[in-house]
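Peer 1: So you can see what is in the structure, the chains are spelled out below.
Protein chains: 2
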Amino acid sequence: MSEKKYVYFFGGGKAEGSTSMKELLGGKGANLAEMSNIGIPVPPGFTISTEVCTTYYENNKKYPAELEKQVLSALKKVEDMMGKKFGDVKNPLLFSVRSGARVSMPGMMDTVLNLGLNDETVKGLIAKSGNERFAYDSYRRFVHMYADVVMECRPESEDEVDPFEVIIDEKKKARGVKNDTELTASDLKELVHEYKQMVKDRFNKTFPDEPMQQLWGAIGAVFGSWNGARAITYRKLNHIPHHWGTAVNVQAMVFGNMGDDSATGVAFTRDPATGERRFYGEWLKNAQGEDVVAGIRTPQPVNAAGKTSNAEISLEEEMPAIYKELESIYHNLEKHYRDMQDIEFTIENNKLWMLQTRVGKRTATAAIRIAVEMVDEGLIDKKTAISRVQPEQLDQLLHPMFDPKAEKQILAKGLPASPGAASGKVVFTAEEAVAKKELGEKVILVRLETSPEDIGGMDAAQGILTARGGMTSHAAVVARGMGKCCVAGCSALEIDYAARKFTVDSTDVKSGDWISLDGSTGELMLGQVKTIQPKLSGNFATLMGWADEIRKLGVRTNADTPKDSKVARDFGAEGIGLTRTEHMFFEGDRIDAVREMILAENVEGRKSALAKLLPMQKGDFLGIFQAMEGLPVTIRLLDPPLHEFLPHTEEEIKDLAKTMNVPVGRVKAKISSLHEFNPMLGHRGCRLGIIYPEITEMQATAILEAACELKAKGIKVLPEIMVPLIGTAKELIDQKAVIDAAAKKVFAEKGIAVDYLVGTMIEIPRAALTADKIAEVAEFFSFGTNDLTQMTFGYSRDDAGVFLPQYVERGILPTDPFQVLDQEGVGQLVEMGTKRGRSAKANLKVGICGEHGGEPNSVKFCHKVGMNYVSCSPYRVPIARLAAAHAVLEESK
Amino acid sequence: MSEKKYVYFFGGGKAEGSTSMKELLGGKGANLAEMSNIGIPVPPGFTISTEVCTTYYENNKKYPAELEKQVLSALKKVEDMMGKKFGDVKNPLLFSVRSGARVSMPGMMDTVLNLGLNDETVKGLIAKSGNERFAYDSYRRFVHMYADVVMECRPESEDEVDPFEVIIDEKKKARGVKNDTELTASDLKELVHEYKQMVKDRFNKTFPDEPMQQLWGAIGAVFGSWNGARAITYRKLNHIPHHWGTAVNVQAMVFGNMGDDSATGVAFTRDPATGERRFYGEWLKNAQGEDVVAGIRTPQPVNAAGKTSNAEISLEEEMPAIYKELESIYHNLEKHYRDMQDIEFTIENNKLWMLQTRVGKRTATAAIRIAVEMVDEGLIDKKTAISRVQPEQLDQLLHPMFDPKAEKQILAKGLPASPGAASGKVVFTAEEAVAKKELGEKVILVRLETSPEDIGGMDAAQGILTARGGMTSHAAVVARGMGKCCVAGCSALEIDYAARKFTVDSTDVKSGDWISLDGSTGELMLGQVKTIQPKLSGNFATLMGWADEIRKLGVRTNADTPKDSKVARDFGAEGIGLTRTEHMFFEGDRIDAVREMILAENVEGRKSALAKLLPMQKGDFLGIFQAMEGLPVTIRLLDPPLHEFLPHTEEEIKDLAKTMNVPVGRVKAKISSLHEFNPMLGHRGCRLGIIYPEITEMQATAILEAACELKAKGIKVLPEIMVPLIGTAKELIDQKAVIDAAAKKVFAEKGIAVDYLVGTMIEIPRAALTADKIAEVAEFFSFGTNDLTQMTFGYSRDDAGVFLPQYVERGILPTDPFQVLDQEGVGQLVEMGTKRGRSAKANLKVGICGEHGGEPNSVKFCHKVGMNYVSCSPYRVPIARLAAAHAVLEESK
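In order, the protein sequences belong to chains G and Y.
Residue 584 in my numbering sits at position 584 of the first sequence, and the numbers go up by one each step.
Residue 222 in my numbering sits at position 222 of the second sequence, and the numbers go up by one each step.
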């Protein structure tokens, strides 16, 4: 049996791997191999496969026996190719060690550069480069990074200052200089030893000098970081399975900090914010890659087109030949990968090396534009274009933006790092952001710069504002991924964490003050700025049109008002899947009539109160029917328990008694008689209409009178009357009889008849179980997956907050089942209900109107079980349309 | 095509029907046919089939076209056989018209006797009988009965006096006589006309004189009464389908009131109260059947053995030849039907006629004795014996009886009409009984005599006491059917409905006073008399032994204390299926430790409070394990939400704060933070143990320490630890890990290990749906059908009272799903859960521990789905054992 292969070599125009081996080599490793294969100049190296990571964790953190030999053999190849030797004191080979999982996890995995340096090899580096300062700069960077990442020599809390920063700051102060670059070679040499001493003194650890020991330490750190708390959090947020593991890429170092003919940069082949087709990136002369990403020095644009001021110097102008080569490479990469690429490059003594290429993250706007334009360019087909835009991404496009006419008090301007509009109260820590969000407050997270520890807080915030860092800084990349508004590198900000405030010129903004961010302009504004509905681009319409061409699932909306109906129709809703009539009960002085009905002593009293409500309800329906002319409108009859309409405080009770002209005692007695231990499982839904048929009668009458009156005016109305909370077929028989009788009466009185359907919510487990019997009566089903989830899990949505977050945190549940439909459990009932319903009535119309109707994974599930439509809130209609198209694409795979 | 047959003739030693045609002819009709067939002297007649009733209601109360012709043809046959003509003025044939459904519904259906009499035909009756008084007595009875039953000439409320009674009472007063029998022929003739006049004056109706009109009116009244409120109530109480319909029996009249050589009687072939093998019945000389049943005159025993005083005159002594013939008939009937018979007979001028035979209702004691003795006699086999005793019947045997040593203040003695012991507050109307019961009060219904209108009140009462009527009176028959204690014919009682009191001698007993009844001795006692556990007879043990031989389902009990465990074990429980540990949390001062745990600020605080609870819980388990030595004991971990353990009133909160030495504010804050909108769906069950693993740990430790300590003493303990409210496999994985860790620790500390199982409740729909995954972890399943019903229906048991009764009333649900398992819906989940669980673990032990575990229909369902056991409250254990045996018998059918 041949030995299992764990290590894959790449470099010199060929590689043992390829882009198709992403699962084994990780995204970065597969791309390095692929780039080698297609002739891109990539420093040689090798990838330790993700299988090693998996095996490592499965075997109590032990490597497979074959690994060491394979690593040494690949290392030898690199040495041969580079003509250097690892650990050689004369001509030392240095390595970068990076993680690389299947999908990019920015900032999550730790990287070590310049590995292989010690007091001996540094001399070889000096000799070979003839640049002592560069060599010691590399050495001190290496010690810092290795001690931090591999040896975990870090301050325990965020309040403490980074001890390495303390040492370098002291050194700069002692030398009377401002920038790191002004430190001399001997300063840097001193730093190396001061660093090592500090590691020993403060952390009681000895820094390893032996290069091979350094290498295995770094490999171990990469695998270790896979199960670090930060990585786990990121995976949870992004639904990445823990068992995938990461690969390790060990690659020969090339140096962007070898003098002024050296540089480093990152770039996108198209603008990741707008999608514009232009080469877009940043570079720094005489620097190493992490200087760009970490945002410590503000980088320069790669080309003249990217310049925002004359002070900036572009690579295009500075190194025109190199820039031309880079351009040609990025064209090749886009052609090869047929997608926008995010690349890292280094120039070492005027020689260009590509360090990485990967599919670039982008905003929703950019994703749409790139997808549509690439179809125009003939790079991809329409289906690919659709699949390139994630439904959930659209969310950021569909939410309000600042009203251009609103008065804005612009305080400062930063980089427009991630588009969108956000207002919130200032917080300065991720923890505070999370805590405030849980209290229902909107916050903006303000940081000097963000780090992976901040991800939870960024997720909780409405927007992110940083004082440092560029468009590719951590904050910018992560915010774009989250579809969250971000203004980065707003250098006018002076942040005082201790005083919990920031200052711009003489203006103080304290923790808790309101600010607004415009992620598309980079503007920071004081206070809350008015927002309006964004206009959707032509590209958006084009892409949605393509999605509509292939999707099979209808998309309706949940809307209770003519206004919402209009918004949803503009977003492409093909009807209303849920109108909640009880929302109308609270409006204006209607609540008085509702309360009169509840307090009535008998049927006559209830009927007389209901008679007052009838014209109001009819008015609602007239408006909604008109807004949805020609499209079906599903109206759900009264659902909540009656006590929800009664007042709670002593004061309100007294007022009500006065208004109704009844004794306070009677109001109290009624409230007490209607009290329920578990209102969720109480006297609500069709149970109300069964005990008080006059309520159903009034609502059906209002719906059908409105429909008749509009039909008489030539307006096409398609009412669908939906009975909630059905658990047995007989309940529906009972309520359908009441509705049909009301219809007969209305049609006779109005002298005109309209077609209407009577159907039911399937939201009680028993309804799904007996769907065949219910379908004999029902003309349509609509799955109410909110309640169905509550009852199938036995979770009260109002109370589950005590344990649900922990359940998700601890992996007991993969996601919150109220956000993402639980296909394993609740989904069974949805599928069963659909099948059984159709078994009794083959053409039964089946939809969903729970929150899940706008959640992409759930929409795909609805497609899979063969529903006719999903219904969701207006702003999620485009998301559902796109998700429905994705469902078709995924099915055909 | 031949004409559909609707009318079936019987008489003269042959019949068109037979006993196997019960569904078509009803019980009474089938038996009349059968009796004819086997040569029993039955007055000829015909039966109109139940199909006519069904057709009648399906076709808007119209009879099938063929009916009239078939009735006339059968009537002609009867005329020929009796040598009389219906409506003939010289030799008139009279009919009785009775209902007859598939199963006997005593008192529910209306009967009309002497039909065919009018001012002309009565002369023929006088001529033929030579007895003018008899003829007019028949006539006035007929008019009274017909006007009441067919024409509905009745007072509207119970408070009003029966107008017919008013007329006859006035007549008696006018004539200065005391008994009806003392009225003369001309008195009776006057009564007939006064009755008819009253019908006209008061009810504005004309009494029909035409015999054929009378006949169709009576037939219509029988069918009408099928859908009368009383019949519907009875069917609901007894789960009889409404679509069965009733047959109508039209039979030639024979007369027990034709003088002193005539009589009428009812009898049982064995004692219906005790089951003793003796001919047991009552008769009245010169009377018609309803005189016996209605309890207006106190009847005499049929034989000398039945006499309780010398004043009584038995049929055996009075008419020895007839009695001998009757004895021979009853022997034949028992041999033929192989069951105890309830017969009606009439002696007309020394000629014996059998009017009816049917399977006799009996007490549970009698049912058992008869079943066992009939096996001894070779009449039936063991399986038949088992099937003769209804599981639900056993209930009456298993409840406490009066302590023989208790002091009793015996006030009076009546007939021991239905055995059992009952104490309650005196009520005088059925409505009051129902109302008081709903308030949770125990009542005894005291009536002069009961009527079908009283059924609801009888059901609500602990026991029934009547002043009039015999062992076969309405009260006695219905009470025995209900298994309810009844003392009948307690003639010492003077009831004053208006004053709401009764008097015995000089003792007044007022409404609301406590009395006690002994249905086995007929004693009426003042106050509440102490009860004890009854000793079960040898016959009971024999029958239960037979049941155990054939049942496949195990029977366990739900018990929380050693005492309950002991009772259940004595009743045959084969283990404990459910011990609720939270019940123990409330006992004594434990609640303090529980509250301390809840109020703790952190894990350490909780652990220290739990440490106080540990020895107490262990003590409980020691007791239960000992009581159940050698049998499995399933212990459920803490289930209710924690707020259930906290106080509610201001006073209690202050006390708690003081006891705990914490500020009142903190207690209130805790109560408020634990408040839940829907506690049923809140933070309870395993969700507690997952968030607070220390609770699970303490409980597992207490269970296993107790088990180890007993094992060390040589006592065999089989603990089964049950985790409640599991919805996903991962929850169980989590809790099992905590339990297993606790076990490891306990076993190490005690130096001894015990076998234990870890399993789960299946009480959440999702658990049933994902049972295959849960079974990979669980070692047993126990269906918690209480919660499963709540969640599958979306009904809160605490709140559903507002609509559930109406649901059952209106037929939306067949029964209360909390009493009888909903096989159509919830049952699907039970079946699915069992199958899927076993698909993952073939030998998975599956049981049920909801209330349904002791309900016979539900037990049969559990057998059908292949459960290993049911678990129910101790007193229902024998019921479950018998039901499990019935399940096997029904399956083999």
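It is possible that some hints are incorrect.
A pair holds if it fits inside one copy or across any two, identical chains being indistinguishable in the list.
Said to hold, decoys possible - In silico DSS-like cross-links for lysine-lysine, where the CA-CA straight-line distance does not exceed 30 Å:
id	residue 1	residue 2
1	Lys76	Lys5
2	Lys773	Lys61
3	Lys744	Lys62
4	Lys408	Lys442
Simulated from the structure, these hints should not be mistaken for laboratory data.
Peer 1: Please name the hints from earlier in the document that this structure breaks, with their numbers sorted from lowest to highest.
Peer 2: none
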